[in-house]
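These are the residues of each chain, in order.
Number of protein chains: 2
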Amino acid sequence: MTLTEIAQKANSAALILAHLSTDKKNQALNEMARILEENCESILSANKKDLEFAENAEIAKPLIARLALNEDKIRGMAQGIRSVAALPDPVGVKQKSMELDENLTLHRVSCPIGVIGAIFESRPDAVPQISSLCLKSGNAVILKGGREAQNSNKVIVNLLTDAIKKVPGIPEAAVQMIETRSEVNDMLKEEKYINLVVPRGSNDFVRYIQENTKIPVLGHSEGICHNYIDREADLEKALRIALDSKLQYPAACNAMENLVVHQDIASQIIPQLVTKFGEKGVLLMGCEKSREIDPGLAVASEKEWDEEYNDLKLSIKTVENLDEAVSFINEHGSGHTDTIITENSESAEKFMNGVNSASVMCNASTRFADGFRYGLGAEIGISTNKTHARGPVGLEGLVIYKYRVYGNGQIVGDYSGENARSFTHKPL
Amino acid sequence: MTLTEIAQKANSAALILAHLSTDKKNQALNEMARILEENCESILSANKKDLEFAENAEIAKPLIARLALNEDKIRGMAQGIRSVAALPDPVGVKQKSMELDENLTLHRVSCPIGVIGAIFESRPDAVPQISSLCLKSGNAVILKGGREAQNSNKVIVNLLTDAIKKVPGIPEAAVQMIETRSEVNDMLKEEKYINLVVPRGSNDFVRYIQENTKIPVLGHSEGICHNYIDREADLEKALRIALDSKLQYPAACNAMENLVVHQDIASQIIPQLVTKFGEKGVLLMGCEKSREIDPGLAVASEKEWDEEYNDLKLSIKTVENLDEAVSFINEHGSGHTDTIITENSESAEKFMNGVNSASVMCNASTRFADGFRYGLGAEIGISTNKTHARGPVGLEGLVIYKYRVYGNGQIVGDYSGENARSFTHKPL
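Here the protein sequences line up with chains X and W, keeping their order. Just so we're aligned, residue 118 is where the first sequence starts under my numbering, counting upward by one. Just so we're aligned, residue 118 is where the second sequence starts under my numbering, counting upward by one.
Which copy? The list can't say, so a pair holds if one copy fits it or any two copies do.
Pairs of lysine-lysine residues, derived as DSS-like cross-links and limited to a Cα-Cα distance of at most 27 Å, are as follows:
| no. | residue 1 | residue 2 |
| --- | --- | --- |
| 1 | LYS306 | LYS331 |
| 2 | LYS331 | LYS309 |
| 3 | LYS420 | LYS309 |
| 4 | LYS543 | LYS213 |
| 5 | LYS543 | LYS211 |
| 6 | LYS406 | LYS467 |
| 7 | LYS190 | LYS165 |
| 8 | LYS467 | LYS282 |
| 9 | LYS283 | LYS467 |
| 10 | LYS166 | LYS190 |
| 11 | LYS306 | LYS420 |
| 12 | LYS309 | LYS126 |
| 13 | LYS309 | LYS467 |
| 14 | LYS126 | LYS467 |
| 15 | LYS211 | LYS467 |
| 16 | LYS354 | LYS543 |
| 17 | LYS420 | LYS430 |
| 18 | LYS467 | LYS213 |
| 19 | LYS331 | LYS420 |
| 20 | LYS271 | LYS190 |
| 21 | LYS141 | LYS467 |
| 22 | LYS166 | LYS271 |
| 23 | LYS420 | LYS126 |
Just so you know, these hints were derived from the structure itself, not from any lab. If you're wondering where the values come from, they're calculated on a predicted model, not measured in any experiment.
The following block holds chain X by itself, in its conformation from the complex (with noise of 0.2 Å):
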C-alpha cells in the first residue's frame, strides 16, 4: 500500500471510530491487554531479535535499556492499556448548549479529531499506549516506531490489530503501522488526510517533523525549563527545589537547565549551590555576576543559556530583580516549565503571570510538569504549542468539537429583513 491508501484507510476508519460506543471501545482495550499477556512469549522473542541487532549495531546502552522488554514490562503495557479503558470516555461530552430560539438549539460535542500520526523512538511500549489513547479517543492512529524497536513493534501491532478484529464493528484500520523512514516523509504530506501528528523523541527528531510538515504537530522540541530564586526565598525549599528539578531525572524535559538568582540573596545561595550540585557531580557554569561570587564556576558563554543538556550541566545566571529573572526566562526559556521559589506571594503572582510557559510554578519542582503527576490519567506528550492543547496532554489533546443544531424547518431569512425574528440565546 501507498501512503496515501493507509491514511485513506486510517480516515475512512476514523469515520466509525467517532461514534463508537464507549462499550465498545472498552471491549477492544480489555482484548488488547489480555491478547498482549498471553503473548508474552512471541513479543519477547521479538524483542530478542531487535536486543541482538541492537547489540551488533552497538546502539548507545541507555537506548537498548528501554528497548529491553521482560514479563513485567508486558503486564505493564496490559496495565497501562486498562488503565486507559478506565478513564471516561472524552467523546460525546456536551461543553455547551444553548437555545437559539424556541425550537432550535445548539449543542457543542466533543468529538474525535479524526486520524493521528504518531513517530516515535525505541520504546516499544509506546505502541499499546499510544494505540489505546487513540483508540479511546476515537482516533484512528498511523504508527511509526524506531527501527531498533522494528520486531517487537511489529508483533505488537499484529496483536493489538488482532484485539480489535474480536471486536464486531472496530475497523481494522484503527491502528497501522508503517515500517520505513521514506514513509514517514510520505505521511508528513498527507495533510488531506492526516489531521494531527504526535511526535516524540529527540529535539532535532522532533524540530525535522515540525519543519516539514502542513499537518498540525502537537508536542514540544526543546524542554529549556527554569528555577528562580527570588530575593525572599526559603533557601532551604530553594536548594531541595533546585537539586530535585535538576537531578530527579536530568535527561527528561522538565529537568532544569538554567537557575536564576536574585543578586540580594546570590551571594547567600550560590556557595550553597555549588556545594550540593558539586556533591552530585554537576559541571556549574554562570554569569559574570555569578562568577564575582564564586570564581570556580566555569564561564556559561552566551548560547549557553539556550541549550537543553539533558545532562550533569547547569548555568546559574544572577539578576537584579524579578522583572529581569521573567524577561530572562521569557527570552531563553522554551515556554515549557518553569518555576518560582519565593515566600512573597505578589512576587509568585508576578512571575506566573508573567512567564509565558506552560506550566508556571510557585515552590514546586519544574519535575511535576507531567500528566500523570497532573492527574491527567494518561499522557500523549508535552506540548509547547500556543494553540489547541499546552503542557501535559492527555486524552482531551485528542478531540476536537463539533456543532449539532436542531431545528424544525427554521431559515435564516425569518431571521433578518423587517419584522425579523429574533434570537433568544438562552443558555440550556
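Assemble chain W onto chain X, guided by the hints.
Frame of chain X, contents of chain W only:
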C-alpha cells in the same frame, strides 16, 4: 521597521497584555469606540480617497460597496467595539482545579495566545472588529488590510492606537498595521513571534496563506455545504430550507452548493425544486439519476461536486440511501456545515454522527452557522480546522491556557522510589 522588529514589538506587547485587568482592557475599548465616533470626518475623507482610487482602478461594484463608509457604518464600528467590551473576559478563567497533594494545587487557567497576524480584504470595518477582539482577549495583533482600503485603514488604526495610548499601561504595539504584500510574506515567516494567523478573504487567498506559513492558521478556504433531503423529510420544510440555504445570501461560505436527495422522494421533490429554484434564476445541474427525473437539468460533471459557486448555481445528487449521502458529503464537502431534512430522529442522529463537519444540522438552514446566530457575541472567523477551534469562532478561539502549580517546597523525589508519597488528585 523590519517585519521581525514589528513582530518582536508585538511579542513584547503581548507579554504585558496577557495580564491586564478586564477594566483596563474595557477602558481602552470604550476609548476606541469614542475616538472613532469623534473622528468620523477624517475617516470619511480617507475613505473618499480609497473610493476614488477604486473607481479609477475599475474595481468591481460589490467590492466598492463593501469599501464605502458613511457615518452610520462608523457608528456601527463603534457599537461593535462596545459590544466586545461588554462580553465576558475570556482570560483568567479557571478551567480546572485539582489538589495534587496537601498544599500542592494545580489550576488550568485561560490565557491569551500571544501575537495574532490578521490578514483581510477590502472592508475597513474589519480593522476595529479584529483589533477589539484581540485586545479583549489580551493578544497583540498585526493587521494587514486590502490595498483598496489602505487610506481608511491607516486612519482607523492611528485612531485606535491613539485611544490605546490614553490608557496608561497598555502597550502601543497592541495594535500594529503593515501595508505591503511583501510584508505579508515576511510576516508568514515569523513563526517565532507570531502564534496564529487569521486570514479572511477569497478561497485562493486563504489557501495561499495556509500553504505558505508554519504558523497555525485559523479559518477556512472553501465552504462547500450540503442539504440532504431524506426519504422521511417533510417536503415543505425541505423546500423552505433548501431555498434559504442557497439563496438567503449565496456568496456566504455557509450557503449550500450541493443538494443531495434520497431516491425514494426524488421524483416528488426534484420537480418542485426545479420550479422554485428556477423562479429565482438558479442554474440547476444534476447527476444521471436526477436527470432521469428531470432531463431539463444541466449535466453535473464530476468536478461540480467539489466546487464552491458562491453564486446562483446548484448541483443535485440523487442517492440510494442515507449512508451514500453521508459518504458523498464527507467526500465532497469541505467540513463546514451540512444539514439533513428528515422527520426521523434516528436518521438525523446517524447523519449528524457520520458527517465529519464543523456544524451538522437537522431541519435547519446551513445559513445558521455563524458566530452571531450561534450566540458567541462576536466572531473572529469560521474554522474548518480539526484542532484548536472549529466552526464559528468567538473570543474563546483567541485564548489557550496555562497550568499554574502552587506548592510549598514539594519535590518529585518524594513521590518516587520506596516510601513514595501518593498524589491525592482531588478535583477542587
